[in-house]
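**Student:** Read off the chains here:
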Amino acid sequence: MVKYIGKRIVYMFITLILIATASFFLMQTLPGSPIASYNKLNDTQKAIVEKKYGIDKPKPVQYAIYMKNLAKGDLGTSFVFKGKSVNDLLAKRLKPSLILGAQAMVFGTIVGILLGMLAALKHNTFWDYGSTFLAILGISIPSFVFASLLQYWIASEWHLLPVGLWNDGWKSSVLPSLALAMGPLALSARFIRTEMIEVLNSDYIVLAKAKGANGFEIAFKHAFRNALIPLITVLGPLAAGLVTGSLVVEQIFAIPGIGEQFVSSIMTNDHATIMGTTLMFSAFLIVVIFIVDILYGVIDPRIRVSGGKG
Amino acid sequence: MKSNKWLLLMALTLVLSMFLAACGGSKDEDKPAADGDDKDKDAATEEPEEKQHAKDEEGEPDAEQVLHLAESAAIPSVDSSIVEDAVGFNVLNNINEGLYRLNQENIAEPAMAAEEAEVSEDGLTYTFKLRDAMWADETPVTADDFVYAWQRAIDPATGSPYGPFMMSGVVENATAISEEKMEVSELGVKAIDEKTFEVKLERPVPYFLSLMSFGTFYPLKEEFVASKGDAFATNSDNLLSNGPFVLTKWDGTGDSWTYVKNENYWDAENVKLTEINVNVVKDSATAIKLYQDGKLDRAGVSGDLAMQYRDDEEAVIQPETSVFYFKFNQERDGKETPLANENIRKAIAKSFEKEDMVDVVLANGSLAANFLVPTNFAFDENEKDFRELSGNHLEYNVEEAQDHWKKGLEELGVESLDLEILGGDTELSKKMDEYFKSQLEGNLEGLSISLKEVPFSVRLDLDGNQDYDIQVSGWGPDFQDPISFLDLFVTDGTNNLMSYSNPEYDKLIEDSKGELALKPEERYEAFAKAEKILLDEDAAIAPIYQRGLIFLHKPHFKGLVDHPFGADYSFKWAYMSGK
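Protein sequence lines correspond, in order, to chains Y and U.
The first sequence: position 280 = 280 (our numbering), numbered continuously.
The second sequence: position 477 = 477 (our numbering), numbered continuously.
For reference, chain Y alone in the conformation it holds in the complex (with noise of 0.2 Å):
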């Protein structure tokens, strides 16, 4: 197992040099100049000015230079937020899409699994069509139409939350999240409808009814775990659901968020931010995909992931 996880880190790590330098190279096919008032300088000053930023030298000893600095952690310096680090900018910016995404993610799983569970139990009832109805509209219906009703009721018409902007403190957050979590809840809950129902008419199930086991236990002891295998799959692209739903619902909110600044960045040609939030999602997405695969081993012992041998 400590073998595995090691071999993970390394191919980790590769990834990311990939990414790093494919994207290096891809954003320098970006037309335009970080320089925003480039165009009003004669040839000379340009030249200067170029130098200055380092943005003279041949691509191939710019981007030595970057990995360089990427190997001490540095992502280098903002060309749009003059003289600041991106490392800094970053960590700013992330901290409020990473409490909406959280508050969305822990809040959408657990109502959704609770929907689906509910939704699989009660198969063909009213509760079972009840939330699937709920699923369908979570998943069609995409997260900035929510957001943009929730502002509307909640807080334009009855002023129970603010409309937007983060200096409300929790209250800032609620419905950015709501908005942002109807679409893991819904994913969530026909997934587990889906897989409970299957696990719940299968011969071990049958048998554990038999031997008196009641349903409560049926349902979280044994359909419940076997269920939640294809979930933790989807949760991925789950999140990357949540990733392009969360520019527009920052803009939305006026969250200072990440989302909307990874978009400004490319649209000003900011290299450097746009090198350290893609590297930062990449590294996140990687991450993520690991922790998946480890944790399928913990909820089906039968899945191994350290190959055949062990």
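Don't take each hint at face value.
[Unchecked claim] The calculated DSS-like cross-link candidates involving lysine-lysine, where the alpha carbons are at most 27 Å apart (straight line), are:
1) U:384 x U:532
2) U:181 x Y:51
3) U:384 x U:513
4) U:200 x U:190
5) U:200 x Y:46
6) Y:92 x U:228
7) Y:171 x U:200
8) U:407 x U:335
9) U:228 x Y:72
10) Y:52 x U:228
11) Y:52 x U:181
12) U:181 x Y:46
13) Y:95 x U:249
[As the list claims (entries may be wrong)] Rough simulated footprint, nothing fancy, chain U against chain Y, three-plus residues with beta-carbon under 8 Å:
14) 38-46
15) 73-85
16) 121-129
17) 159-172
18) 247-258
19) 266-274
Note that these hints are calculated values from the structure, not bench results.
Note that beta-carbon positions come from the ideal geometry of N, C-alpha and C, so glycine has one too.
Knowing the structure of chain Y, use the given hints to seat chain U on it.
**Tutor:** Positioned in the frame of chain Y, the structure of chain U alone reads:
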């Protein structure tokens, strides 16, 4: 035991979700790069900059003077040598002050200078007597602070884009220094004594005093800047104010900041607001909701929302000084384009109805433009608008357009033409391009238009490579003089980029900087003549509109002053009344 396992699972799920949650980012369809809000404007930018018109009605100031505003982008920098964007210049204008400041009538009046500058006979030497003003740390503002700031802005080691841009060809030796051909110390600035600052110019610059209100020319206290080192101006703790307000609660990259009144400001008794809270709100619909909820005292209304809100009783139209026009590229890939033909250019320039476009398509308070130098921007000695002097050019006229078109096609020996219009990729730009296409194709037989809609940075790049036929382009002025616009189209002008060249035009512009520099009347006549050549005679470009913006503005928020160039607004005279 069983429930322990279940708990473990849940805990793992939670940990997992923490990681998953952290990722974010995707494509945003309709937003232009707000940070790249360079003065070279993105056509029909949907993000209005915070801009505003002075509310004239009087009212007793309230006891509580706290204002809540939204900005359309975060602050990239407040280092006066480095700032190059609208938000940065806005902040600078409210926390610092130059020798002059634009007053409520948008006329530059002495600010850090105690009185009007003394100008030498030849218009080359300006001597400023400084007033007894303090930095926020209660040390005096001295002539050395100006010398230091100006030298810093032009020093190639600083890497400032606006320093060289604003000073080259204006302040003595600035160009040579910016090209590393001279030492920084040779810049034409001098502290004669602690309170006397002298500037030597390369040529007489009639609009020089209005430049003194521009952020790049603000003073910096060397001792303070040096003591902060790299940390200078990276957050509100590392800033030193000499203006009406002090910036606080700004962490350097964040989306919120606060201004508080600077009690050490020389004119503090006329500053009424005690606190201004600013949050970045990029989505106009969100800004409007916050406004309606009482969280903002003013909100920009952009894009499609403009049409919906323009009749709202709290809506104010804010005319701007950015002008948008077609650039006709006469040479692409080293070959002449059909647009090198004067008749073809004239035909296109006169064949689209501009009034309908601003009323129906833009619907945001923009004005139809039959000119390059905007209205309500530059005034002559008698405070008469330059527009009155120069009149209208290239007005909509289908018959004339069709005559030109026929002639042009004959001269080119073709019966039809395929041309491309290069425009922005915002929803509003796209709508506008569709309108042009239908107007041009409908009025000019044999013309077919293809549309190319790209993000702002891509458009700049295509512009730089002259890789387009017709481009929807725009310009916002950096100083209050027609030359800010007319200089764009001289042969080899850095922003010409369409191979337009007319020696007569060049001569007029050259003269305005040389022999006419000290003859204001003749100089304005030369400008009027140049504009006529550029538009009526050559149709080198075809003006479309002068941008306007719509804001929702609470009636209790009074006295905000907007400016036609440089920073967009001043809070110095603003106050709350009857909230």
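**Student:** Which of the stated hints cannot be reconciled with the structure, identified by number in ascending sequence?
**Tutor:** Failing hints, ascending: 7 and 16.
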